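A.B. asks: Residues per chain are reported as follows:
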Amino acid sequence: MDKEYVGFAALPNQLHRKSVKKGFDFTLMVAGESGLGKSTLINSLFLTNLYEDRHLPEASARLTQTLTIERRGVEIEEGGIKVKLTLVDTPGFGDSVDCSDCWLPVVRFIEEQFEQYLRDESGLNRKNIQDSRVHCCLYFISPFGRGLRPLDVAFLRAVHDKVNIIPVIAKADALMPKETQALKQRIRDQLKEEEINIYQFPDCDSDEDEDFKRQDAEMKESIPFAVVGSCEVVRDGGTRPVRGRRYSWGTVEVENPHHCDFLNLRRMLVQTHLQDLKEVTHDILYEGYRASCLQSLARPGARDRASRSKLSRQSATEIPLPMLPLAETEKLIREKDEELRRMQEMLEKMQAQMQQSQTQGEQSDAL
Amino acid sequence: MDPLRQSPSPCSSRPSSPKTPPCEMLGYVGIEAVLDQLKIKAMKMGFEFNIMVVGQSGLGKSTMLNTLFKSKVWKCTLPGLAMPTPQTLQLKSVTHVIEEKGVKLKLTVTDTPGFGDQINNDKCWNPILGYINEQYERYLQEEILITRQRHIPDTRVHCCVYFVPPTGHCLRPLDIEFLQRLCRTVNVVPVIARADSLTLEEREAFRRRIQHNLRTHCIEVYPQKCFDEDINDRILNSKIRDRIPFAVVGADRQHLVNGRCVLGRKTKWGIIEVENMEHCEFPLLRDLLIRSHLQDLKDITHNVHYENYRVCRLNESHVLPHGPCWVNLAPTPPGPSVAPGPSKACRQAREDSDDNEDDY
Numbered sequence: 001m002d003k004e005y006v007g008f009a010a011l012p013n014q015l016h017r018k019s020v021k022k023g024f025d026f027t028l029m030v031a032g033e034s035g036l037g038k039s040t041l042i043n044s045l046f047l048t049n050l051y052e053d054r055h056l057p058e059a060s061a062r063l064t065q066t067l068t069i070e071r072r073g074v075e076i077e078e079g080g081i082k083v084k085l086t087l088v089d090t091p092g093f094g095d096s097v098d099c100s101d102c103w104l105p106v107v108r109f110i111e112e113q114f115e116q117y118l119r120d121e122s123g124l125n126r127k128n129i130q131d132s133r134v135h136c137c138l139y140f141i142s143p144f145g146r147g148l149r150p151l152d153v154a155f156l157r158a159v160h161d162k163v164n165i166i167p168v169i170a171k172a173d174a175l176m177p178k179e180t181q182a183l184k185q186r187i188r189d190q191l192k193e194e195e196i197n198i199y200q201f202p203d204c205d206s207d208e209d210e211d212f213k214r215q216d217a218e219m220k221e222s223i224p225f226a227v228v229g230s231c232e233v234v235r236d237g238g239t240r241p242v243r244g245r246r247y248s249w250g251t252v253e254v255e256n257p258h259h260c261d262f263l264n265l266r267r268m269l270v271q272t273h274l275q276d277l278k279e280v281t282h283d284i285l286y287e288g289y290r291a292s293c294l295q296s297l298a299r300p301g302a303r304d305r306a307s308r309s310k311l312s313r314q315s316a317t318e319i320p321l322p323m324l325p326l327a328e329t330e331k332l333i334r335e336k337d338e339e340l341r342r343m344q345e346m347l348e349k350m351q352a353q354m355q356q357s358q359t360q361g362e363q364s365d366a367l
Numbered sequence: 001m002d003p004l005r006q007s008p009s010p011c012s013s014r015p016s017s018p019k020t021p022p023c024e025m026l027g028y029v030g031i032e033a034v035l036d037q038l039k040i041k042a043m044k045m046g047f048e049f050n051i052m053v054v055g056q057s058g059l060g061k062s063t064m065l066n067t068l069f070k071s072k073v074w075k076c077t078l079p080g081l082a083m084p085t086p087q088t089l090q091l092k093s094v095t096h097v098i099e100e101k102g103v104k105l106k107l108t109v110t111d112t113p114g115f116g117d118q119i120n121n122d123k124c125w126n127p128i129l130g131y132i133n134e135q136y137e138r139y140l141q142e143e144i145l146i147t148r149q150r151h152i153p154d155t156r157v158h159c160c161v162y163f164v165p166p167t168g169h170c171l172r173p174l175d176i177e178f179l180q181r182l183c184r185t186v187n188v189v190p191v192i193a194r195a196d197s198l199t200l201e202e203r204e205a206f207r208r209r210i211q212h213n214l215r216t217h218c219i220e221v222y223p224q225k226c227f228d229e230d231i232n233d234r235i236l237n238s239k240i241r242d243r244i245p246f247a248v249v250g251a252d253r254q255h256l257v258n259g260r261c262v263l264g265r266k267t268k269w270g271i272i273e274v275e276n277m278e279h280c281e282f283p284l285l286r287d288l289l290i291r292s293h294l295q296d297l298k299d300i301t302h303n304v305h306y307e308n309y310r311v312c313r314l315n316e317s318h319v320l321p322h323g324p325c326w327v328n329l330a331p332t333p334p335g336p337s338v339a340p341g342p343s344k345a346c347r348q349a350r351e352d353s354d355d356n357e358d359d360y
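Here the protein sequences come in this chain order: A and B.
So for the first sequence, full-length UniProt numbering puts the first residue at 1; every next one is plus one.
So for the second sequence, full-length UniProt numbering puts the first residue at 1; every next one is plus one.
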């Protein structure tokens with residue numbers, strides 16, 4: 001038996017140890033109109049106060065506010081595992097009277113992170129690549145509308161092929177149970193109609209037990225999650241203290257699965273699918289971006305046009321993009337093209353020579 | 001308050017001057033029976049009330065109307081039904097006659113589906129302003145006829161209830177733009193819609209911030225301070241102004257709570273009773289609109305807003321009425337530009353009272 005035991009069953013443990021040493025980093029974007037409880041939910045999800053120094057703008061300031069992208073970083077440690085969480089916020093989204101194209105800065109931001117990674121990946125020193133790509137976007141849908149609003153649809157359409165989208169129904173304690181079900185169904189129908197690709201939670205393995213499979217199916221059925229956020233602990237005399245919102249007609253418990261889907265969201269986002277979100281971002285979304293980017297560079301006629309348009313985009317976003325790394329990739333491609341051409345020429349020469357020698361041989365035979 | 005008064009007295013609801021010296025009565029004459037006569041006439045004629053609700057879709061406007069008038073004034077749609085968002089703002093009006101204890105009320109409700117739902121909501125208030133001015137124009141055209149009807153049908157909007165979404169932060173740019181324009185044309189009562197998503201502390205903070213926003217942007221909502229006539233009015237209206245905007249919840253289903261049948265919303269953590277002051281401020285809104293200030297709303301619309309419109313129109317067409325030959329007013333399309341602020345009427349009131357004081 002010992003001869004058959006090789007020992008690579010211990011590989012997962014090695015991976016585990018290395019990951020713990022390296023730590024995880026995760027970038028989460030939250031988007032949605034202001035006043036939907038985004039900050040409260042993030043604080044509830046990660047049980048930290050990420051928005052301590054937040055300053056809500058006054059109404060007069062909002063009249064001239066444009067969309068800004070804010071990044072907040074925090075290191076969370078639990079059970080010896082460190083997670084470097086970066087939160088990307090989009091204050092000003094959907095607030096103005098005219099919200100046309102207000103999602104463009106967000107799209108540009110996501111693409112910039114991809115560009116940065118592409119540059120780092122193609123560069124010379126790849127030891128410490130910082131992954132600042134957005135791994136997941138939590139999109140908050142208002143519970144008061146009749147499903148997705150035109151702005152929601154426009155935003156989701158613009159980013160669904162660039163980032164994993166998890167739609168949530170915000171402030172779900174404003175809805176009665178029947179209303180929640182009807183709204184969820186309506187949103188699901190609308191997402192299908194508009195052909196918006198949200199993040200698909202992968203199916204569980206076939207060898208899991210029935211109970212787990214049923215739970216998993218139930219969780220998938222409750223997408224989009226109807227969530228309530230709160231960091232306050234309510235102590236109703238007699239019952240145990242719970243995290244929730246106290247109203248005069250009752251208390252909503254955030255972690256009660258009968259009251260809202262907060263637990264489901266936390267489980268799926270943090271406990272089970274954090275790594276999968278990162279993998280999908282890297283394997284599918286980033287690769288898609290990289291392929292389209294390089295394809296537009298490789299075509300000679302389109303190359304100049306693409307580089308010119310890229311330049312203009314860069315100047316519009318005012319990022320001093322160093323031309324060197326891109327030129328490097330271009331040079332590489334050009335060199336490879338040259339090589340290919342040389343090889344083709346050689347082949348043709350050899351073929352011509354062979355043909356010549358053949359005909360000469362035939363002639364000499366004939367003679 | 002007499003409901004039958006047709007003659008407009010600009011800026012003051014009470015036509016009698018308070019400065020005439022009282023006269024001693026030597027016996028019972030029976031003048032107080034005039035109140036009964038007024039009451040009988042009013043019951044026979046019935047009352048009219050036109051209310052408009054404005055707000056984004058899903059804020060419970062139709063439900064609120066049904067709750068206010070305890071009848072299916074407007075058909076509500078569940079969020080699940082595929083209601084396509086209208087591409088442009090369309091106003092819809094429905095008229096009902098409801099009766100209570102022999103008093104008939106002809107109620108016209110105007111809904112504004114599509115308001116604030118688009119990506120670009122610039123100038124989405126123009127159709128609403130156009131509608132309101134159109135009703136003023138209609139009344140004006142009836143008023144300047146040579147042979148007028150005994151009772152001119154009143155389609156003017158007496159009150160506009162504006163639904164503010166419960167973000168908990170402050171007024172949004174769209175709210176401010178809309179309120180600034182509409183307060184000059186019609187009585188506006190802002191309410192915090194779907195207030196069951198805010199706790200009591202959040203409501204108070206939100207309310208204070210909204211009041212601060214309204215003051216900063218010089219938005220005068222109903223009841224306007226400048227139209228308080230005497231000290232009693234001021235005390236009563238100050239109490240109301242302190243609580244505006246009311247945090248309201250609407251419901252049209254009945255549930256059993258402690259043996260009583262109440263209108264409410266049933267959730268897994270409790271039942272929100274609409275008429276319970278501890279749960280929401282719907283009773284305050286109902287009392288304001290129907291039980292105490294309905295007639296005042298109509299008076300202010302007639303004496304102030306309509307008069308402002310009329311003065312503007314007459315100045316525009318440069319024709320002042322004189323003699324039996326009424327010249328037709330140049331039919332300018334009523335647009336949003338026709339409406340100066342109520343401050344104009346206000347100043348006139350103050351001038352009048354100043355004059356009276358000088359005389360006596």
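Don't take every hint at face value.
Some chain A residues well away from chain B (every beta-carbon gap over 10 Å; in silico) [unchecked claim]:
1. Gly-80
2. Lys-84
3. Asp-95
4. Pro-177
5. Ile-198
6. Arg-240
7. Leu-285
8. Tyr-286
9. Glu-330
Listed below are the simulated PhoX-like cross-link pairs for lysine-lysine, each with C-alpha atoms no more than 25 Å apart in a straight line [claimed, not checked]:
10. Lys-19(B) to Lys-268(B)
11. Lys-268(B) to Lys-220(A)
12. Lys-72(B) to Lys-41(B)
13. Lys-82(A) to Lys-18(A)
14. Lys-19(B) to Lys-178(A)
15. Lys-178(A) to Lys-268(B)
16. Lys-123(B) to Lys-178(A)
17. Lys-278(A) to Lys-349(A)
Where chain A lies over chain B, by a calculated footprint (3+ residues, C-beta under 8 Å) [said to hold, decoys possible]:
18. 93 to 107
19. 117 to 131
20. 161 to 170
21. 180 to 189
22. 213 to 225
23. 269 to 280
Because the hints were derived from the structure by calculation, they are not lab data.
Computed from a prediction, not measured in an experiment: that's the story for all the values here.
Here a beta-carbon is modelled for each residue, glycine too, at the ideal position from N, C-alpha and C.
A.B. asks: Hint by hint, say whether it matches the structure.
C.D. replies: Now the hints, each set against the structure:
Distance check on Gly-80(A): its Cβ is at least 37 Å (rounded) from any Cβ of chain B, clearing the 10 Å threshold; non-interface status holds. Once the 10 Å rule is applied to beta carbons, Lys-84(A) is consistent with being away from chain B; the minimum gap is 30 Å. Taking the minimum C-beta to C-beta distance to chain B, about 6 Å, the non-interface status of Asp-95(A) is violated against the 10 Å cut. Distance to chain B contradicts Pro-177(A) as a non-interface residue, since its nearest Cβ pair spans about 6 Å, not more than 10 Å.
The beta carbon of Ile-198(A) is kept farther than 10 Å from every beta carbon of chain B, the shortest such distance being approximately 19 Å. Arg-240(A), annotated as away from the interface, keeps every beta carbon of chain B farther than 10 Å; the closest lies near 15 Å. With a minimum CB-CB distance of about 25 Å to chain B, Leu-285(A) clears the 10 Å threshold, and the non-interface call stands. At the 10 Å boundary, the C-beta of Tyr-286(A) stays outside the reach of chain B, the nearest C-beta of that chain being 29 Å off.
Here Glu-330(A) stays apart from chain B, with its beta-carbon at least about 39 Å from theirs, past the 10 Å limit. At roughly 62 Å between alpha-carbon atoms, Lys-19(B) and Lys-268(B) are farther apart than 25 Å, so this suggested pair is violated. The hinted pair formed by Lys-268(B) and Lys-220(A) meets the criterion: a straight-line CA distance of about 22 Å does not exceed 25 Å. With a C-alpha separation of about 28 Å, the suggested pairing of Lys-72(B) with Lys-41(B) is violated against the 25 Å cut-off.
This hinted pair checks out: Lys-82(A) and Lys-18(A) have alpha carbons roughly 12 Å apart, not beyond 25 Å. Under the criterion of a C-alpha separation no larger than 25 Å, the hint pairing Lys-19(B) with Lys-178(A) is inconsistent with the structure, at around 62 Å. Proximity of Lys-178(A) to Lys-268(B) is assessed by CA-CA distance (about 11 Å); at most 25 Å being required, the pair is judged to hold. Restraint check for Lys-123(B) and Lys-178(A): the C-alpha separation of about 36 Å exceeds 25 Å, so the hint is violated.
For a cut-off of 25 Å, the pair hint linking Lys-278(A) to Lys-349(A) is broken: about 50 Å separates their Cα positions. Coverage of a stretch by a chain is defined here by at least three residues with a beta carbon nearer than 8 Å to that chain's beta carbons; for the stretch 93 to 107 of chain B and chain A the count is 0, and the condition is violated. Under the rule that three or more residues need a Cβ within less than 8 Å of chain A, the assignment of the stretch 117 to 131 of chain B holds, with 6 such residues. Beta-carbon proximity to chain A at under 8 Å applies to 6 residues in the stretch 161 to 170 of chain B; the threshold of 3 is reached and the given coverage holds.
Coverage of a stretch by a chain is defined here by at least three residues with a beta carbon nearer than 8 Å to that chain's beta carbons; for the stretch 180 to 189 of chain B and chain A the count is 0, and the condition is violated. Counting residues of the stretch 213 to 225 of chain B whose beta carbon lies closer than 8 Å to any beta carbon of chain A gives 3, which meets the minimum of three for the stated coverage. Residues of the stretch 269 to 280 of chain B lying with their CB closer than 8 Å to a CB of chain A number 7, which satisfies the three-residue condition for coverage.
Hint check: violations occur at hints 3, 4, 10, 12, 14, 16, 17, 18 and 21; the rest are consistent with the structure.
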